[in-house]
Amino acid sequence: MTQAPLPKAHVRCQLNGQPVEFLADQHMSLLEVLREVLDLTGTKEGCNDGNCGACTVSMDGRIVDSCLVLAPEVDGRTIETIEGMAPPGGLHPLQRSFLEEAALQCGICTPGFLISAKALLEREPDADEHRIRHWLAGNLCRCTGYDKIVRAVLRAETAMAPKAAAGRTRRKKSA
Amino acid sequence: MTSKTGSKKSESKKTGAERKFRVVGTRPIRHDGWDKVLGRAVFGADIKLPGLVHGAVLRSPYAHARIVKIDLSKAEAAPGVLAVMTGADMPIAASKVLDLGEEVTNAVFASDRVMARTKAVYKGHPVAAVAAVDHNVALEALRLIEVSYEVLPHVVTIEQAMAPGAPLVHDDLVGSDIGERVEHTNVADHIRYEVGDPEAAFAEAATIVELECRVSRAHQGYIEPQNATALWHQDGKLTVWTSTQGSFSQRNSLSSVLMMPASSIKVVPMEIGGGFGGKIGIYLEPLAAILSRKCGHPVKLVMERRDVFDATGPGPGGIIRVKMGVDAHGVITAATADIRYGAGAYPGASINPAAVCVFACYRVPNARIDAYDVVINLSKTAAYRAPGSPQASFATETVVDEICRRIGMDPAEFRLLNATRGGDRRTDGPTFPRIGNVETVEAIRGSAHYRAKLGRASSPTKKRGRGMASGYWQGIGNKSTVTINVNNDGVVSLIEGSADIGGTRTSIAMQAAEILGIAAEDVHPAVVDTDSIGYTDLTAGSRTTYATGAAAIQAAEQVVEEMKKRAALVWETDEANVRFADGVFTNGAAKNQHLTFKELCGKLDTTGGHVSTTGVVNIRGSGGGSFATHLVDVEVDTDTGKVEILRYTAAQDAGKAVHPAYVEGQMEGGAVQGIGWALNEEYVVGDDGVMQNATFLDYRMPTSLDVPMIDTIIVEVPNERHPFGVRGIGETCIVPPMPAISNALRDALGVRLTELPMKPGRIMAALQAQAGP
Ligand code: FES
Ligand code: FES
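Taken in order, these protein sequences are the chains called A and B.
According to this note's numbering, the first sequence is numbered sequentially starting from 6.
According to this note's numbering, the second sequence is numbered sequentially starting from 5.
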């Protein structure tokens with residue numbers, strides 16, 4: 006308290022497709038900025054130490070725990086949060102499959118899982134069950150036991166697959 | 005890992021007469037689903053209010069320490085600090101039992117737990133709190149509070165607490181030893197249930213097995229930390245926004261702790277990020293309220309994860325000794341249980357439910373159950389999914405497994421031979437109504453998993469085993485209120501007071517829709533604050549879909565009655581002529597006169613105005629409770645002690661599954677929580693009385709990679725006490741996993757693991773002991 010406070014960081018980034026500019030204390034995490042400064046409370050805090058994945062966002066196409074990213078690090082980056090996932094008035098196929106498969110109970114972990122799963126499907130649109138479980142191991146869910154979450158991701162793969170590949174995807178999953 | 009994608013929908017095993025349902029039993033999209041996948045749902049920590057300020061709590065670093073002096077002056081003088089409080093600001097609560105449904109405590113303890121006055125009795129015990137312009141200023145201010153402690157000797161294990169001359173957690177605790185008053189003790193309560201003559205029966209028994217089991221305390225592990233935002237209004241009223249399992253029980257607790265009338269408090273339930281029993285009691289709410297009173301702003305407090313582990317209530321650990329005897333045919337003749345739970349720093353370790361559940365799956369003609377509630381210098385335990393049952397049942401179910409091995413009987417056969425059925429006496433007294441115990445065992449015995457071969461281990465150093473276990477939770481009924489408002493467009497609003505932790509808005513709305521003959525989507529449920537709906541007990545005890553569902557059915561039936569009157573007006577006929585079926589009103593006295601529910605809604609304004617009804621229930625008991633049987637295959641690496649769950653099948657009696665996907669979800673989630681408790685989760689407490697693994701990194705809950713798909717079999721033995729036969733199902737599912745896995749390890753390795761968690765070190769030690777020196 007005796008030190009003079011550091012000047013606030015002036016940060017510019019792309020957030021959910023829009024340019025955003027904000028001032029943040031140097032020690033603030035991206036999670037704090039999203040929730041407290043930018044009023045984007047869809048990104049959740051479960052632990053604040055990088056161990057639950059509730060705060061997962063995408064930064065330059067990579068998924069990160071936003072509680073571990075300092076706000077000044079975000080300057081010049083592209084950030085995507087749960088608020089930017091759905092097309093206007095609709096749902097992303099993953100959001101739809103999470104609803105259809107009842108892949109959420111309390112729903113606090115859901116935004117983090119959706120962001121993580123989206124990043125996986127962008128890289129590996131036909132990831133199998135094991136790969137999905139491996140990819141999502143950084144996201145904790147205490148309610149579902151993961152069963153329906155994994156099924157929802159598999160279902161979204163089918164929904165997102167180009168028509169020709171849909172049959173192949175389905176066969177692989179039931180193998 | 006073995007990838008096993010089970011059947012998409014659970015196998016469903018129906019028993020008994022079945023009513024034809026149109027909505028119940030289907031799988032609609034949950035009503036709050038869009039908000040939750042879009043990140044729009046407002047959970048407790050998400051709330052923003054005009055003038056909102058932020059708080060932080062200073063906590064005792066010691067498990068047991070007298071608070072000698074607290075100097076607040078520097079904190080109070082710090083810029084940005086708006087209010088500082090200590091235990092001196094807390095009203096002195098009057099002694100009063102707070103029965104919160106699944107948690108019973110005394111208001112004096114509830115008050116002391118939220119903030120220490122003269123001594124801290126657990127690490128993390130709040131000693132002061134600050135409100136400031138932002139969270140970081142509040143955190144900085146905590147560092148300016150000077151507390152001098154006199155550290156006292158602590159007790160953190162049951163043995164320590166029960167040892168002669170042990171340091172006392174509370175100097176003035178008055179314990180009860182089967183009704184006898186005891187002073188200067190850490191044993192708050194010792195209860196006993198007895199039936200028949202167990203000693204005489206043991207003397208005659210052909211086979212007797214006795215095991216002593218140890219179970220670690222385990223945290224519910226909800227991903228959302230506790231939070232509370234309070235505004236103390238100038239007129240003396242209080243509004244609290246919080247993530248709670250029960251807004252009304254929260255209001256009662258606050259009323260007792262803040263010494264103000266319940267009617268002056270409004271609790272606004274926010275979306276809740278998991279509870280499992282852990283969000284029944286109050287923690288931050290009174291502190292936020294007092295800080296708000298002092299500074300005039302709404303104050304928000306959010307717990308840090310470390311504090312969630314240190315200072316909220318996990319389920320209790322315990323030492324449980326079970327002895328069981330059978331005759332030459334394998335029929336149980338006697339059993340005794342000695343159950344000791346570490347309650348944490350205040351009494352109330354759910355020993356009574358433990359005694360209720362310990363032998364509930366079996367007919368035991370001669371039994372004695374002793375249960376002890378022991379206070380220790382760790383945070384007060386709370387309800388955790390079937391509170392008290394998993395620990396005690398771990399001992400029973402492993403003993404049963406040993407008996408089966410000793411007498412060479414198949415564990416399913418043994419269960420079918422000895423299972424309690426409707427009309428049997430539960431060991432603690434009551435007689436079971438119709439229950440589905442036998443049916444869950446039969447469901448497992450008939451499952452594809454049971455018939456499948458275990459298969460060969462994936463390497464020579466690995467071994468496979470299979471285990472089975474059963475479990476029980478009695479559940480509760482109690483009070484619920486549901487209001488239905490009929491809109492002119494045929495859609496109804498359903499107002500309820502039950503916190504929705506896992507889709508109960510939908511399971512309740514579906515029950516109303518069933519009666520009204522409309523689609524689930526045409527019922528719009530809303531969970532509202534305590535000023536806006538009649539009293540409703542908490543979401544716990546597996547009661548919400550059952551009891552609040554019953555209130556919804558009642559309200560919907562009233563709607564139908566009123567709508568019949570309106571149809572009679574439209575048709576100018578006698579009300580008695582109006583029939584209602586499948587969503588259509590028909591005039592029995594005329595040809596071709598019918599109106600759908602929706603059509604008639606359009607005529608409400610011309611037939612007397614809107615229709616609004618309220619269902620009010622106060623149901624005694626759950627109607628017998630829910631039984632489950634689980635089957636698990638494991639593979640153990642004998643070089644490392646690592647256990648992999650290869651295959652898991654859970655069968656449970658849901659009475660009638662309203663929304664099967666959410667019933668499966670409870671069963672899957674409960675099984676995986678149980679797998680965590682079985683293999684990894686524990687409080688590692690150092691000699692200093694401090695938990696050493698208070699992060700999600702070190703408190704190892706299962707990740708998606710640690711578990712396979714969980715196959716589920718929903719058994720439906722109708723509950724006689726619910727109009728649709730519904731049973732509460734949220735809790736039983738955590739009871740069988742731990743013993744099922746111990747039984748599977750026994751099968752794989754030939755050694756019996758009696759201590760939870762069955763972590764690699766313990767497995768290796770057991771293997772070494774087996775190998776001999
Ligand atoms: S809040 Fe960031 S990982 Fe848990
Ligand atoms: S749905 Fe509750 S933590 Fe995942």
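Read the hints as simulated data drawn from the structure, not as lab findings.
As the structure is a computational prediction, the values presented were derived from the model and not from experiment.
There could be a bad hint or two in this list.
Unchecked claim - DSS-like cross-link-like pairs, simulated, lysine-lysine; straight-line CA separation at most 27 Å:
hint : chain 1 : residue 1 : chain 2 : residue 2
1    : B       : K595      : A       : K13
2    : B       : K52       : A       : K13
3    : B       : K595      : B       : K569
4    : B       : K270      : B       : K298
5    : B       : K78       : B       : K270
6    : B       : K270      : B       : K73
The hints, checked one at a time:
Note on B:K595 and A:K13: the hinted pairing is violated, with a Cα-Cα distance of about 78 Å set against a maximum of 27 Å. Distance hint between B:K52 and A:K13 is fulfilled; the C-alpha atoms sit about 23 Å from each other, no more than 27 Å. A C-alpha spacing of about 18 Å is found between B:K595 and B:K569, which places the hinted pair at or below 27 Å, so the restraint holds. For a cut-off of 27 Å, the pair hint linking B:K270 to B:K298 stands: about 19 Å separates their Cα positions.
In summary, the hint linking B:K78 to B:K270 is not supported, as the alpha carbons are separated by about 34 Å, beyond the 27 Å threshold. The hinted pair formed by B:K270 and B:K73 fails the criterion: a straight-line CA distance of about 35 Å is larger than 27 Å.
The structure does not agree with the numbered hints 1, 5, 6 stated previously, though it agrees with the rest.
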